[in-house]
Structures are given as structure tokens and as C-alpha cells.
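J.: Since the structure of chain A is provided, determine the placement of chain B on it from the hints.
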Amino acid sequence: MTATSLEAPPSKRFSLGGLLKTRELGIVLALTLLVAYTAIDNSRFLSGQSIRDNLLNTAILAVMATGQAIVVITRNIDLSVGSVLGISAFAVATLMSNNQDLPMIVALLAGLAIGAVAGLVNGVLVRYGKVPALVVTLGTLYIYRGITYSWAGGSQVNADELPRHFLTFANDSILGVPWLVLIALVVIAAGSVMMRNYRIGRELYAIGSSPPAAELAGIKVARNLLTAFVLSGALAGLAGVLYAARFGTVDAAAGNGMELNVVAAVVVGGVAVFGGSGSVWGAALGALLLTVIGSALAVLDINQFWQQAIVGALIILAICADRLVAVRIARSLRKRDAHV
Amino acid sequence: MAEANARPRLEVHDVTKSFGAVAAVQGVSFPLYPGEAHALVGENGAGKSTIVKMLAGVHRPDTGTLRVDGADVDFAGPADAKAAGIAVIYQEPTLFPDLSVAENIAIGNQPLTRLRQIDRKEMTANAERLFRRLGVPLDPSRPARGLSIADQQLVEIAKALSAEARVLIMDEPTAALSAVEVERLFAVVRSLRDEGAAIMFISHRFEEITALCERVTIMRDGKHVATELVADLSVDDMIRRMVGRDLSALFPKQDVEPGEVVLEVDGLSREGVFKDISFSVRAGEIVALAGLVGAGRSEVMQAVFGVDPYDSGTVKVHGRRLKGGSPRAAMAAGMALVPEDRRQQGLVMELSIERNVTLPRARKLARLGLLFGGTEREAAETWTRKLQTKLGRLTDAVGTLSGGNQQKVVLAKWLATGPKLLIVDEPTRGIDVGTKAEVHRLMSSLAADGLAVVMVSSELPEVLGMADRILVLREGRIAAQLTRAEATEESVMYAAMGQEVSV
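In order, the protein sequence lines correspond to chains A and B.
All you need for the numbering used here is the position in the first sequence, starting with 1, plus 391.
All you need for the numbering used here is the position in the second sequence, starting with 1, plus 158.
Extracted from the complex, chain A is given alone in its bound form (with noise of 0.2 angstroms):
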């Protein structure tokens, strides 16, 4: 073949990372306009232990939230994580509470393993059933609760019979970083790199991107799926636990309505919703956001309502960010490389 020279001009090739970073970079002047804002008004904002209240308030929104990104970026979704993170939660204290001495990575395992058996459930229906994941994952948001309620019977789970490794673990720290957040930190940037950096992670890309062109690229659609969902089911099953350590009392409504707090980060995190582009830290960076706006509004003393509108108008404001956006690279780049 006649190697025609030609170099392919650095000059011409715009920055397409700095592009897409411009999201992520979007939600971090968010946040720090929010705080240096709250802060002017109290600066008690920043103090120590209002940060670490914000960053354990955070990590369980941001592990779930780490499943969830890696569902949505297949264009599915699940809805069921709250349900999983209540049957977790309500299991695990139960455990825990029968056996006073089992260490703490019992409980982390127990919480991971029934997540992961209820994503898998999740993952099969989806791919097998060929039923949409809105409608499978909806339907065992009301299963899975339903299983923790018939279980539970009215009766919850005190702070008093757990535990006390078990409880003191959420507050518990190393070099002043709680276990709480450093598990979320760990989730995080292990999704992180999945997604980036590993095959699995770009063929879940690629999936998302269109579907038809991933079944002909030979590409393992099933196991994928699968992986995704029970992924997402695991995290939801860890932060149950994390849940349960946190909050001590559990009864069978743990985690009741938690899904739309996970979608509602993930979308505002720069997720998009049909598939394909969006990123674990985005999602997770997302989470903080919610949380931090939770927070200062109930710092600057303004009615908790705003809080539910400020959210809603955030996942507008994302997903019309994302379309101007969307729409902005497709000029570019259609006038780009129209070189014959």
C-alpha cells in the first residue's frame, strides 16, 4: 500500500478530554460557589465537623450512585436500590444482632453478596425476559421491599442490640479519614478505573452507544449486562450496611424513595441517560453536590422545600446542559475532518 504521507496535524486536533471534562468541571464550581456562599454567611460551614458530616452524609449516596452510573451508562436503569439497600440493611443488623461477635467484614460480605444475588436477579430478568429495566427493576423495588416488610413484621432493629464494633465502625477513622468515606473512595475510584481503563469497562460504554452495534461487534452483550446489574445490586447491599452502621436503628423502611436520590446524582453527575457517556466520579461528584446543597440550605435557613425544587431544577438544568452540549460537539465535529 502506498504509506501516503500526511501527519496528522496536532494544531487541528482540538482537545476532545478538556470537552468532556467541562461537566465534571461544571459540578466542582458548583459546589465550590455553593460553599464559599454558605461559608460567607457561617463559617462554621467549614469547620471540621461539618465537612466530615457532609463526606459521611455523602458515602453511601456515592456508592450507590457508583453502581447506578455504571447501569445507566448501558442505557438501562435501576430502580430497585433502595429496596436492596433496605433488605441489606434490615438483613445484616439482624446478623449482626444474632451474633455479637462476627467481625465486621462478615457484615461488608453479607451486604455485598445480597445485593449482588438481588442485581443479579435484576440483570437476568432484563436480558432474558427481555423486559425494559424501568419496568424490572420497578418491580422489584416493590419486591424487595415487600420481602423486607413481611420479614420484619413491624419490628426494627435498636442501636442497643448491635454490636458495638459494629456501630462505632461509621465513626470510626483512620488518619483521620472515616472507614465510612474511605470505603466510598475505594468504590469510587475502583469504578472509576473499571470504566476507563478495562476492557469490560469500554465494551459497558459501548453497549450503551448502541446496542445493535455491539451484538454485531461480537461483544459478550449478556455478560456484560449482567456484570453491570449485579454490580449496581452489590454497592446498593454495601451501603445497607454502611447504613445500618451509621444509623444504628433499622426497621423494614430503610432506604424507602433512596433510588430517585441516586438516579437524581447520576444524571446531575453528567451521566447520560440513554447510555454511553457520563463517568463513575462524575456521578460520585454528583452525590456530593445533592449532599452539600442539603446541608447549606439548612445552614442559610432556608425552608427544606427549596431543597426538593433546587434538586428537580438541577436534573433540568443537566440534562439541558448535556443536549447544548450534545448538539455543540456534533457541529464541530461534523465540520471537522470533511476533508474529501
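Be aware that a few hints might be false.
What the hints assert, rightly or not - Listed next, with one range per pair, are the computed distances between beta-carbon atoms:
1) B:ASP554 - A:PRO523: 26 to 34 angstroms
2) A:TRP697 - B:THR558: 35 to 43 angstroms
3) B:SER484 - A:ILE710: 46 to 54 angstroms
4) A:ILE710 - B:GLN275: 26 to 34 angstroms
5) B:GLU633 - A:PRO523: 35 to 43 angstroms
6) A:LEU416 - B:GLN275: 22 to 30 angstroms
7) B:ARG642 - A:ARG614: 55 to 63 angstroms
8) A:GLN547 - B:ALA283: 55 to 63 angstroms
9) A:ARG614 - B:GLU633: 40 to 48 angstroms
10) A:SER541 - B:GLU536: 38 to 46 angstroms
11) A:TYR428 - B:SER336: 52 to 60 angstroms
12) A:GLY439 - B:ALA283: 42 to 50 angstroms
Claimed, not checked - Sample of chain B residues with no beta-carbon within 12 angstroms of chain A, all distances over it, derived:
13) SER258
14) THR472
15) ARG478
16) THR558
17) LEU600
Please keep in mind that the hints were generated in silico from the structure rather than gathered at the bench.
C-beta: ideal position from N, C-alpha, C; glycine also.
T.: Frame of chain A, contents of chain B only:
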């Protein structure tokens, strides 16, 4: 160029594939030799795409075998075909718009670092190397979204190269390309061929086949007609073998003295879709729109009926100008359109047969705004009986009927509105031979009763057997107007493909 006695790289041996009762491919065999480009030609629906999908691992042959380098292979999925060194470039490229071009090329086969992470640097370098080899200045780090069709196809070829494919299958790659882009694509394909790849090339354009290919396999109605050297065949020979079948199916066309002009279309144009379309249809006449898939036949009729907009031109019904873009106005003027895709556009599958038949007239049949079963059933019964629809009960869901009977229900639905002009798009697609003849008889008797009929069809025998006049469309323009006497399979195909009649 391949030596004639070389061992085929890929062999299709006596394969058969049916979908339901329809045999898409029956007993087809041909070899693909290394270093040779092999054309696969046939009419629309001859089974070419089915062959492609079997080679790609999407479909499994019912009987027969595929052989790669002399050994039988059985593809469980596209991954297996890829692993066997077969790369397929579909008519519609299949890239991931959100991923970068480099990732698209490497997907499933990314270079890894020691930690089994993806080596992005190496991946980008690979893509750059491939683009240099192909001689195209594409940026590997840009996303695939927004690439032109031509560039997308080049990325697909780069993908095939990176997988070191030894067989490259291209399903009408040139359909959407300009002449310059086609030339660039061919340069790349030729150099691949000269490096020893086996190429299979599907196209409707004969000048491309003679320019690129050494060997050609001709298919007709899912059957293998011939595999010959291109040099031994003239374009005329190829066309004749593609279409050359006896008009054995009887077309019960009744001769009718055409009446007054019902439809007049003048200078109808829609940017990028069709241009300057003018024709008229008289009462009692059947006019067929023929041409290749994508020539704009259905689009013209959709615009006439008002489903799609048009930019300029006029549509007149009984001498009165019809408002564009309004199916309601078209229906009021006495037009009816039986669409190509029954499931999507013609029927509501879950509703009962009677409901479907009376749907366009529901308002007229209603009393005080409510529909009562009686009038509905009566109307439905009259028409389904006239059309000899085979059904259990009128209250059964339409989805339970066979394809042919569904088509009759669609016809009944529109005939019940008492139209003056009937437009039918692919009236007999996916229908068995017996029902086909019934639909034909029906259309013929409707025309005899004074209905004006416009028929869009890809099936030449149907066009030749049924139509009083034939309009052949090519690339959005009318390429020829033929009377029943002038029309032969060859003349229609020549016009549709843009070849001069040289017989």
C-alpha cells in the same frame, strides 16, 4: 490476481436458511479466493443480505456448511466469525458514536498493559498507523459521532485491518457515497486484495463490479444462478441472469378502458429525496412505481398522500389542488394509502379485526360520538367477505392472522372508506404465492370497477404483470416511463440501474 487453482479462503457450501415459511436462501454455494474480489449480485430480496449475515455469524445456516481454509466452521455468534478472520462492513456502519475512533477500531481487541489495563497510547498509535496505511487523515482521538458515512466506512475497514481479517465482506458499501469517496474506497480495497485478502462485494452498480471484481455470483429468489469470471460476462448477461425467470405466476390483469384523470402530480420535489416527479393516473388504471430500494418510490407516494412534506410541485385530485402535508385532506379527497410496513403503519396489532377495518371511518360510524358494535361489525363483515379473508372471528386480534390475511385486512380497511385512488406500497411483500395471486386478482378487479391504483413494488414480475404503465425511479428521479407493451424485465432493470439499453 488469484491463481485459479488456489484453495478458497472461504467456502459457502450448499447453505439453506428459512425464516418461518419463507426460504431466504436455498442451496447456495460459492468460493471466495484469497487475493480476489468477488461480487454478489441479485435483485432486492434475492437473499444477499441473508448470506452476509450467515458469514457474519448473525444467522446460522439451517443446512449446508461454511468452510474457512477448507475446515468446516460453525459460528455461534459474531464473535466466532470475527475470530475466524471474517470482517463485515454493513450498509449502515455499526460504530459506537460515544467512543473515540481509536477505541472503535480496537474494541474487543484492545492492546493491554501488564496490569491488563487498556494501553491507550498503543491503541492510538495503532489507529494512526492504520489511517496512514489507508491514506486518510482522521484523528483517532475524536469520537465516532458526526463522521460522514464514507469516513465511518473507512473506520470499519481500519477495524477489519486491525483484526487482521482475511475475508472482508462489504454489503453495498457504496450506496451512500459520492464518486470521489467510492474511488478512495476502491483504492483501499484493491490494495487489501493485492495483499491477499478475500473480498466479497455487494453492489447494485455494475460499473463498480466490473471495475473491482474478478468473479461474480448471481442469485435469484434465494437460489444460486451462476458463479463466473466477470471478464466472461457482459453486463447484459448479468442482468438477464439476475431477473431471467419465467412469468409463470399468472397475473390476472383485466384490460380496462381508462377513464378520467384522477391523480395529477406535477414537478414534485423534496430536497435530497426526490426531484421533479410528474405523472398522472386515470380511473381504472394501475400504475406501478418500480426501482431499486432507496430510489425514492415510497417517499414519493408518502408525499403525495401527505404523510411527508414536499418542497415544491403540486398534487391534484380530480383537477382540484390538494393541500400538502395533510393525510386528512388526502383521505377526504378520496385517496387511500396501504403502507409498506403493515405492522408499523397499517394495523393496530392488538385490536380486533373489525376495529381495524373500521378505524379510518370510526367517526362516520359513530352515533352520538360513541361506537356501537353493530354497525362496526356489519361494515367489517362486508369487506372481509369480499376480500375472502380467512379468519376465525372478527373479534380476534389482527396479530393472530397470517401475513397475507393481515394485508387483506389493511386493504379492507381502506376500501371500506370508498376511495377513488388507492396507493399500495409493496402489496405482496412477505406473502405466500397463493395469497399473492389473490391480492393481485383483487387489485385487478378493483381497477376494473374504476378505481385508480398506484402500486409501489420491488417485485418485477408483479410490476410487469399488473401495471398498465410503469414509472421507473432512479436516485429520486423518474428514469423511464414505460407502457405495458414496452416494459420487459430487462428494460425496467436497465432504467433502474442507469444502464443504457443495449439489447
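J.: Work down the list of hints and note, for each, if the structure agrees.
T.: Comparing the hints with the structure gives:
no.	hint	verdict
1	B:ASP554 - A:PRO523: 26 to 34 angstroms	28 angstroms, holds
2	A:TRP697 - B:THR558: 35 to 43 angstroms	55 angstroms, violated
3	B:SER484 - A:ILE710: 46 to 54 angstroms	34 angstroms, violated
4	A:ILE710 - B:GLN275: 26 to 34 angstroms	32 angstroms, holds
5	B:GLU633 - A:PRO523: 35 to 43 angstroms	39 angstroms, holds
6	A:LEU416 - B:GLN275: 22 to 30 angstroms	25 angstroms, holds
7	B:ARG642 - A:ARG614: 55 to 63 angstroms	58 angstroms, holds
8	A:GLN547 - B:ALA283: 55 to 63 angstroms	60 angstroms, holds
9	A:ARG614 - B:GLU633: 40 to 48 angstroms	44 angstroms, holds
10	A:SER541 - B:GLU536: 38 to 46 angstroms	54 angstroms, violated
11	A:TYR428 - B:SER336: 52 to 60 angstroms	56 angstroms, holds
12	A:GLY439 - B:ALA283: 42 to 50 angstroms	48 angstroms, holds
13	SER258	7 angstroms, violated
14	THR472	34 angstroms, holds
15	ARG478	42 angstroms, holds
16	THR558	21 angstroms, holds
17	LEU600	37 angstroms, holds
When held up to the earlier numbered hints, the structure conflicts with 2, 3, 10 and 13 and fits the remainder.
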